[in-house]
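*Asks:* With the hints as extra help, turn the sequences into a complete structure.
Protein chains in written order, with the numbering used here: chain A, -16 to 64; chain B, 272 to 1024.
In case anyone wonders, no lab produced these hints; they're calculated from the structure.
Glycine included, every Cβ here is placed at the ideal spot set by N, Cα and C.
Misleading hints may appear alongside valid ones.
To be verified - Covered by chain A, according to a simulated footprint, are these stretches of chain B (three or more residues, beta-carbon under 8 Å):
1. 355 to 369
2. 447 to 458
3. 532 to 540
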Amino acid sequence: MVEVHLWSGLRALTGGLEVVEVEATDTGEMLHALVRAYPQLQAPIDAGVSVTINGRVIASGLTEPIPDGAEVYLMQRIRGG
Amino acid sequence: MALDDLKTKDFAFVGTRPNRPDGLDKVTGRAKFGADAHAPGMLHGAILRSPHAHARILRIDTSRAEALKDVKAVVTRADFSDQVPFAPGLEGEFWNVLENVMAGDKALYDGHAVAAVAATSALAARDALKLIEVEYEVLPHVTDVDKAMQADAPVIREGATDYSVPEGMHPNVVRMHESGHGDVAAGFAEADLVIEDHFTTEATHQGYIEPHACLATLGMDGKGELWCCTQGHWIVQKTCAALLGIETANLRVTASEIGGGFGGKTTVFIEPVALALSRKANKPVKLVMSRSEVFRATGPTASASMDIKIGMKKDGTITAAEGIFRLQGGAFPGGPAEYTAMCAFAPYNLTNVRQVGYDVMTNRPKQAAYRAPGSPMAAFAVESVIDELCNQLGLDPIEVRLKNASREGTKASYGPRFQRIGLVETLEAAKAHPHLSAPLKPGQGRGISCGFWFNHGGETSVSLALSEDGSAQVMVGTPDIGGSRASMALMAAEVLGIPYDNIRVTIADTATLGYNDVSHGSRVTYASGLATIKAARHAVEKLCERAAKKWGIPVDAVKWENGCAVPSGPNAGDFDPLPLADITADMGRTGGPISGHFEATPEGAGVSFATHIVDAEVDPETGKTRVVRYTVIQDAGKAIHPTYVEGQFQGGAAQGIGWALNEEYIYGEDGRLQNSVFLDYRIPVASDLPMIDTVIVEVPNPGHPFGVRGVGETSICPPLAAIANAVSAAAGVRMRNLPMSPPRILSALKAHG
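*Replies:* Okay, structure coming up:
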């Protein structure tokens, strides 16, 4: 199981939870699993999200493996200027 | 996770300072910029713009313009695709871009494009605009971010609000971000001193020297060619194709040389209009913006209204921090509120932190990135409060920042734990720098600030082809906005082991290379550099294969050293080193041309920190401020070409000086921009700037083969705050509103008594 930390603005979409657990081995699976468990997360994920795995920012990749016990955060999409 | 092949020392080429390959072209005027293109039979375009900040478009009559002999086409919104869907927030970004490029039912800001003309001369096109009749119903407008959130503010567009905005907020609030951790109330209760304050910044423009310009050809067969000044021609290709309803591959886009972008050329403005005119006229169409059009109708920064509250113990420990950030990004979603919020407290190790950002629409042009979008405003507000806390508690500002600094393993204010970062190293370098202990003259003040930016990777493709004489061509897809061709050549030289001068780097067009993300996010030296290294290593693999074949030994018995294939050890056999040029001389007859390729979306950009030190002087009689000394200290991971790293540091500081002291979009009561030329919009000139000293800190990024971190954006994060702290110290009054122009300084001095 992956423990996913959400930004607090998403609590309203997960019944007040800021940390949720889903079954996933990579970032793409994780996003699908999040939507399956919490359908209201579809909108923020469609608007663009990034993921951090042990502090490494995955800006958009859906195939990044998630090691067991990794610290995982969902973030709003990181872009640049 | 560090790359297995991380190299951080013993470089032969990386870290040297050769001349840039485009230097001669640029100093002799040979370089071709956006407006330098011509085509046989070319027409000239001009765009009619709304004089109103907010108005319903009731009718457009183009018949009188079309009747002119010299006019060959007129377009309005009806000439663009009707298949671009509207969606809330950023989900509907193509629709937002289309709406910005050419108004639909409403003109949403002063300068919004309403119609366009192509004629046989630029003068004829401009004259024809006067014959287009537009009937407007003028609507109430709002250009201020705080007023746009009030209950009585005019609604700019219903339905633009996305999922994140709580019920009850004004429809102009289209997105909201909230993050943090701990218990801020408990943290404030632990503090010996809590300061809560309000800050504002005005919208500023990137101020690039070259106005937007393009030459477009779109035939009746649906195939097009576009030459334009852009930071990313693949995004131009993709966006224009969507807006015009053609297939992406049928539009070839070539990037011109670029006279500055800084984030402002990461989208399209005139390019789809020129293509639509060309399609209608069946002729090439050139469109060049005037400076006034650039100010009125491209993308300045967001402006901001911010509330900051920070608690500190007498020993300098920050106990809690909270920030509310309201960003207006024009009449479209996209104000970088989430970045402002996430960057605000990132330099500090905080147990209790909360940040909230609001993206608010107003009747202004659609904001665009300006180096590290959203971060400089946050740093201004947060670092001003930290400065004030240090003043009131009698603490050293560097020591307080060091005490609270984020390090490897710190839980970032935006959530995850940091990997290896270099903030402490920049603070230690500041502490040791002679600038910090240099005496100040009467009337002068000193300020410091830290700053943070994420950096970015993005889709990247690079090809490298070897020539028979042993030279190499590198094709990258990221327009060179800061000397990147030199950096790419240095990295390729490092891997291939051939001289820098034997490598030519070209910015390929969209038809000759795979997709490349825009030159933004400080990503070019990181991502295109990583891809160049990998493409060169791919070529080296092939060179080793040829040597192995020639020597009759296994390929794993060959290694690459100093530009030659050599046996990998005594057991591999006794062969003289085989130079690259000896292998390529025969490559056509030993297996064919040798090239290397790499395509990926690198995901290891590595975040970046900086610390700036500023001395400023204030004339209490006139309110004029002068920056007398400036030092930039920033973590570059590894400086591939130190001169161009220093250039990025200095450029960020120079632009920050303008943003802090003078630059601002000034709107009248009528909602019209009052200062749309450089005479009225004051950017710094050389005589306004001191020598900007630089210190490159190198804490290698584990996500790049040579340890590179992007440097283009972080350099604009600390200046607003560092300058404000210096000016506040010099003036003896806290400056809370940017720009700190002479009238504002005088007003603050008067209010302070």
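*Asks:* Can you list which hints this structure breaks, lowest number first?
*Replies:* none
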